[in-house]
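2 protein chains.
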Amino acid sequence: MKTFIDCLPCIIRQALETSRLSTGDEKIHKKAVDRVMAFLMESDYQCSPPEVARHVYKIINEVTGERDPYKAIKAEYNRLALKMYPRLKKTIVDSADSLLTAIRLAVAGNIIDFGAGVKFDLEETIRETLVRPFAVYDYEKLKDSLSTAGLLLYLGDNAGEIVFDKLLVEEITGKYSLKVCYAVKSEPIINDATVEDAREAGMAGVAEVIENGQGAPGTILDLCSAEFLEIYNNADVIISKGQGNYETLDGEKEKNIFFLLKVKCALIARHLKIKEGDMVLKRV
Amino acid sequence: MKTFIDCLPCIIRQALETSRLSTGDEKIHKKAVDRVMAFLMESDYQCSPPEVARHVYKIINEVTGERDPYKAIKAEYNRLALKMYPRLKKTIVDSADSLLTAIRLAVAGNIIDFGAGVKFDLEETIRETLVRPFAVYDYEKLKDSLSTAGLLLYLGDNAGEIVFDKLLVEEITGKYSLKVCYAVKSEPIINDATVEDAREAGMAGVAEVIENGQGAPGTILDLCSAEFLEIYNNADVIISKGQGNYETLDGEKEKNIFFLLKVKCALIARHLKIKEGDMVLKRV
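Residue numbers (this note's numbering), protein chains in the order written: chain R, 1 to 284; chain E, 1 to 284.
Read the hints as simulated data drawn from the structure, not as lab findings. Any given hint might turn out to be false.
As the list makes no split between identical chains, a pair holds if one copy fits it or if it spans any two.
Derived DSS-like pairs: lysine-lysine, alpha-carbon spacing no greater than 25 Å straight-line [as the list claims (entries may be wrong)]:
| # | residue 1 | residue 2 |
| --- | --- | --- |
| 1 | K71 | K90 |
| 2 | K2 | K30 |
| 3 | K175 | K27 |
| 4 | K2 | K27 |
| 5 | K89 | K143 |
| 6 | K141 | K253 |
| 7 | K264 | K275 |
| 8 | K90 | K275 |
| 9 | K255 | K2 |
| 10 | K253 | K31 |
Please build the complete structure, drawing on both the sequences and the hints.
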């Protein structure tokens with residue numbers, strides 16, 4: 001998916017928010033935002049939003065000197081989600097269709113997104129996500145794929161959310177005989193999960209944690225490591241979490257990818273012909 | 001009120017929307033937005049948002065060649081409001097406090113704002129505005145001022161809204177013995193009312209319509225005409241409609257100004273220490 005000119009106000013908002021997280025110096029905020037605007041003026045919007053974001057966050061890092069401004073927020077949401085874990089586990093176990101409930105909760109966790117600019121109430125999102133109908137619902141296709149797959153690649157998205165993903169991975173490995181690789185970003189970007197977050201979430205206990213070799217808030221295949229690409233190419237089924245992974249992989253029609261996300265952006269909603277807030281389980 | 005760096009995403013959104021209203025050529029949209037970003041990079045945000053907007057909309061006019069992109073929207077909302085006029089008049093006449101009801105409806109009309117980026121439902125806004133408590137409520141002070149005033153200057157805001165203002169002017173002139181001057185912008189800017197809109201609304205039948213001598217979406221005194229400033233300085237009481245007039249006149253503490261508006265922006269809400277959506281009747 002290409003970047004739209006409509007993305008500009010959102011990119012500039014993100015640049016300002018991230019600059020403020022990085023430093024209290026207003027002159028540096030302006031310098032960072034000005035340099036981001038200069039970059040956008042040179043851009044032709046032919047690449048995906050995560051590709052643009054990669055450059056934008058690099059500029060902010062350079063101007064502010066802060067490499068991981070969301071570090072504290074990520075740790076906070078990992079802690080919060082881990083605290084919720086026993087209750088969410090019980091919700092899954094007690095439900096009529098435990099796999100579907102785990103999928104719903106994984107979508108709920110996708111609301112923990114500090115790039116999208118959407119204020120969220122995690123508890124309210126969980127309540128809503130457990131009952132709201134999916135706007136795109138390829139559940140039967142996913143179950144078919146899981147039942148015959150030997151290798152599942154799960155593309156992670158954000159910190160905090162990773163604990164919700166862990167619940168889904170546990171449910172899948174409990175039901176199906178397959179190996180799971182869980183991919184995280186190789187460098188900090190916004191609140192995207194890294195190996196540090198996978199460690200905090202205890203993901204290594206249920207899946208092989210791998211890095212994707214790049215630090216964009218999505219999966220830009222051209223930038224991924226050879227090790228990651230080998231797993232990507234050999235995976236029988238891929239679960240791709242969140243908007244950034246959708247924006248970078250929606251053209252991979254020959255792969256067996258299932259996009260799992262909550263839509264938090266008007267342009268992605270338009271692209272998918274659904275509404276903001278909608279829940280998506282979509283085979284590519 | 002100064003411009004905040006937080007205003008940038010909103011300004012760029014406005015630039016894009018206005019470019020799209022002006023032309024369907026996407027290359028021109030990008031050229032306009034790029035030139036607006038270049039201007040913002042040079043800006044130090046020491047002036048008010050309407051002052052920034054004045055430059056931004058001038059750039060868009062230059063790049064697109066379209067001087068009045070909101071012309072059709074303005075005419076549409078004048079027509080729509082005129083169609084509602086008899087019903088609104090009856091609502092005022094039938095109410096227990098007709099002046100207050102007219103004030104409430106004038107606030108409701110303030111939702112017709114194509115700069116603020118807020119999607120609105122006019123009928124729903126009218127229903128809500130008739131019962132919602134004001135967040136700032138200097139009604140008694142306004143009545144005191146009107147009861148002794150010889151000259152009221154009413155600073156208009158937007159097309160469509162001007163019909164709601166007319167209802168309030170009629171109510172005031174029916175209750176108090178004073179002269180009313182109703183000020184409009186001298187040049188088209190966003191959907192702000194001009195003499196053309198005053199004509200369509202029939203404002204000349206109830207007030208002396210004057211131009212303020214400038215084309216910013218507010219009242220930048222340094223740019224106003226001598227004729228306007230004479231009336232501004234001689235007015236015993238001033239009713240200032242909308243966000244743009246508030247942003248440009250909130251520092252005029254020695255004047256007897258009453259700001260009447262619906263808050264549609266998080267920064268103005270913060271500045272007034274109230275919430276977005278709140279209704280304001282505030283003596284400066």
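Violated constraints from the hint list, given by number and in increasing order: Checked against the structure, the hints that fail are numbers 1, 3, 8 and 10, while the rest are satisfied.
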